[in-house]
Amino acid sequence: MIPATPELLKTADGRPLREALVAAQARSKRRAFLLVFPLLVFVLLTFLIPIGYMLKRSVEHDGLSKSSPTLTEWFHANPEFDHMNPPEGAFAALVTDLAQMQADKNTGMAGTRINYTVPGSISLFKKGAREAGDMQPPFKEAMLKLDPAWGEPALWYGMESAASKWTTDFYLVAADRKLTATGWERGDDKQRIYLYLFFKTFLVSGIITLICMVLAFPVAHLLAVLPMSKSSLLMILVLLPFWTSLLVRTTAWIALLQEQGIVNDALVALGVVSNEGRLSMMYNMTGTIVAMTHVLLPFMILPLYSVMRVIPPSYARAARSLGATSWTTFRRIYLPQTLPGIAAGSLLVFILAVGYYITPALVGGAEGQLISNLISFHMSKSNWSLAAALAAMLLAAILLLYWIYDQLVGIDRLKLG
Amino acid sequence: MKKILILSTALTGFAFAANADVTVMSWGGAYGEAQTEAHVKPWAAASGNAAIMVDSDNPATNVKAMVEAGNVTVDVASLEYADAIRLCDEGMLEPIDAASLPAGNDGVAATEDFLEGAITECGVSTDIWANVYGYDTTKFAGDAPTTAADFFDLEKFPGKRGLKKGAKAVLEFALMGDGVPPAEVYAVLSTPEGVDRAFAKLDSIKSEVVWWEAGAQPPQLLADGEVVMATAFNGRLFAAAINEGKPFQIVWDGQIYENELYVVPKGAPNKELAMEFIRYATSTDGLRAQAQQISYGPARKSSMATELLFKDGKTVMAPHLPTAPENLANALLSSADFWVDKDAELNERFQAWLAQ
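As given, the protein sequences belong to chains A and B, one line each in that order. Residues in the first sequence are numbered from 1 upward in steps of one, following this note's numbering. Residues in the second sequence are numbered from 1001 upward in steps of one, following this note's numbering.
Since the hints were made in silico from the structure, they are not lab data. Note that the Cβ used here is the ideal one computed from N, Cα and C, for glycine as well. Hints should not be assumed to be uniformly reliable.
[Unchecked claim] For the chain B half of the interface with chain A, some residues (derived, Cβ under 10 Å), not all of them:
#1 D1089
#2 A1098
#3 P1102
#4 N1105
#5 F1152
#6 L1154
#7 F1157
#8 D1196
#9 A1200
#10 W1212
#11 Q1220
#12 L1328
[Said to hold, decoys possible] Pulled a few chain B residues facing chain A out of the computed Cβ check, cut under 8 Å:
#13 D1055
#14 G1117
#15 A1344
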C-alpha cells in the first residue's frame, strides 16, 4: 500500500534527506575542485595563455600602425585610392611619419613590418627616414627621386594592410601568397614552400605512425603474454631510450647509419655492398624516418601493452575451440579488442611527429626538412608573427584530424593505459 | 650543522642576486668561454663589480623578447651584426657613444683604431669571425683545393661536401665559387639573375652535399670521413686542428667575414656599468685577450701590434685569424644591409630549392 502523500525522508538530525545529500555532494565537489585547482592554474598559465598569446601574435603587428599615425589616417580617409599611382596626399603623410620616425629612432619597426610582405623595405624605410626631414613639396616627386621603389604598387598594398594593427598578412604568407602589383597572388614556383612542407610533414608523420604500429604490435603482445619476470626485463629495454637524451639518441643514429658508419662498414666487410656503393641512409628521408621511428616507438608500445594486458586469453581460446583458424581468431577476436590501444598510440605518435624539430634538423639533410624547422627559423629571425601563423595552422590541422578521428573511432574509445 | 647549511645557502642566494652588477649574454660553448675568460672575469677583478655570463642559443631572440616584455635582465649581449643593426633600428638597443671608447694602446683614437664597420650606432665589435671551408689533408694526396672555385669542382676534387643549411653566406660563397669578385657579390645577388646564378652553381654540387645546421657538425663530418671538405666557422676548424690535432686545413680564399657586436639592450638594469664593461672589453687589451682564447680576429689594429700567442703558449695566432692580410686576399665582408632586407625572401627560396 502506497500512501497518497509520501512523508519526506529525513536524516537522523531531522533535516530532509534530499537537502542533506545536496549539501554533502556540494562539499565533496568543492573538495574535488580544490584538488584539481593547482593543475587548472598550471595548465592555464603554461598552456592556454601562451597559446592564446601566440594566436594573437599571428594576427597582430603594430610595427607600422604605431609609428605612422598620419599615414594610417590617410588610408582611412581614402579607402579607394589608386595603388598604381598614389596621390601627393599619401606621400605627404608618409614623409611626415618618416620624419617623426627618424626623430624617435624607431624606423626599423615600420620597415621590419613592411619587409615581412615586401622584401627590401627595411633599407628603403631607413633611407627614406634619413632624408624625410629635409624634403620639400611636392613630396611625391621627391620620394620617387630618392628611390623609385616608393612608387611600387605592392609597397602601397603592403602599407595599407599594415596600417591596421590587425592583419591576415602572415596567414597569407604562410599560405604561399605574395604581394604583387595587383595585390595578393599565388607566389611563383621558386618561392612556394610552406604548403608543400605542411603536406610533407603530415605524410612523413603518417608513414612513421604506420611503421611504429607494425613494429610495436608484436612487441606489445609479447610483453603482455610473457610471465611478469621476463616481461619486466623487456619493458626496461623499451623504456631505456626514454632515459637517454634525445640528442644522444639522434647522434647515435648518425654514427650508425652514415656512409662511413658502423652499418655500412659491416655491410662492406661482409661483402654485401662494395666500398664505392655504400648505402645513403643518413641526411635524407630514410634517416629522418628511421631516427624518428626509434624515438617515438615507446609511445606506441606503451598504450598497446596496457590494452593487451587486460584482454582475457579465454576469448581467443573460445574462438579456437569453436573452429576458427588462428588468422580468423586474430582478425575477428584479438585485433578488435586492441583497437583502443592502436588508436591511442597512433594519435600520440602522429601528433608528436608532426611537431618534431631537432631530429629532422640534424639527420634530415635536404629532403628531411619539416614545417617545424621553418617555424624555428622564423623564431630565430624574430619574425614571430609568421612563426605564430604557421604554428596556428599546424594546430588547426591537428585539431581537424582529431575531430575526424573522433567521428571515425570515437574519442571515448581511446585508452592511454 | 643543518642551520649553517640553510644559512649559507640563503647567503649564496642573496650574494648571487646582489652580485649581478653586470650580466652578459653570449652564445655559450667555446665562444662564450672565451669571452668569459677574456672579458667577464678580468673586468670583475679589475673594477670590483661582479659580472656573470649567461648562455643563449641566439641572444638576439632573448633581447627582443626581454625589451618587448619590459623585463630586461641582461646588461650586455653579444649579437650577430645584422641582428644588432635591426634591433638598433627598432629602438631596442641603447646607442653607444663611439667617442667614449678608449684610444688604442698606441694612442690612436678608437674611431681610427677600429676596422671599418666595427663600431655601429648601438654596438662595438668584440671580434671578427668568418665562414670558411676546410678539408681533410689526408684525403688529397696530390693537388689540394686552394680556391673557392675548387669547392665546386667535383671533377678535380671528387667527394662529398658539407655545406651550411641556410641562404646566408652560402649564396655569396656560390657566387665567389663561380668567379664573381667579392666587391661585386652583393650587386649581383641583388638581381633575380644573380640569385638564379647562385642557385645554378649550388645545383652543380647538390647531389654531393651533406647539409649541416649546428656549428659543431662540420668538424665532425670531416673527422668521420663523411665529407672531404666542408664550410664551417673558422674557430671550429681551428679548435679541431689545434686542440684535437685533426689534419684539417682551412682555405681562406672566398671567406665571408663579419663583426660580432657587444650591445646594451634598452632598459638594461645597469646601463652605466654595462657601458663601462664594453669600454673595457673592447679596449686594445680586451680584444687581444679574447683572440688568445679563440681564433676570431680582434677588430682593433692596435690589438695585433705585437705577436699574439694562443692560450697554449706556442701557436702564433696571426695566420689563423680572418683579419690576417694574407687571408683577406679574396674575402667578402658580409653585408648586414643586404641580409636584413633579404633574409626571409632568400631563405624561402633556399628551402624551396632544397625540397625540389
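Hints, one by one, checked against the model:
1. D1089: 3 Å, holds
2. A1098: 16 Å, violated
3. P1102: Hint violated; P1102 (chain B) Cβ to chain A Cβ min 26 Å, cut 10 Å.
4. N1105: Violated - the Cβ of N1105 (chain B) stays beyond 10 Å from chain A, reaching only about 33 Å at its closest.
5. F1152: 17 Å, violated
6. L1154: Since the shortest Cβ distance to chain A is 15 Å, the answer is violated.
7. F1157: 17 Å, violated
8. D1196: 9 Å, holds
9. A1200: 12 Å, violated
10. W1212: 9 Å, holds
11. Q1220: Status holds, d = 8 Å.
12. L1328: 26 Å, violated
13. D1055: 15 Å, violated
14. G1117: Violated, because the Cβ-Cβ distance from G1117 (chain B) to chain A comes to roughly 16 Å (cut-off 8 Å).
15. A1344: 6 Å, holds
In the structure shown, a violation is registered for the earlier hints numbered 2, 3, 4, 5, 6, 7, 9, 12, 13, 14, in ascending order.
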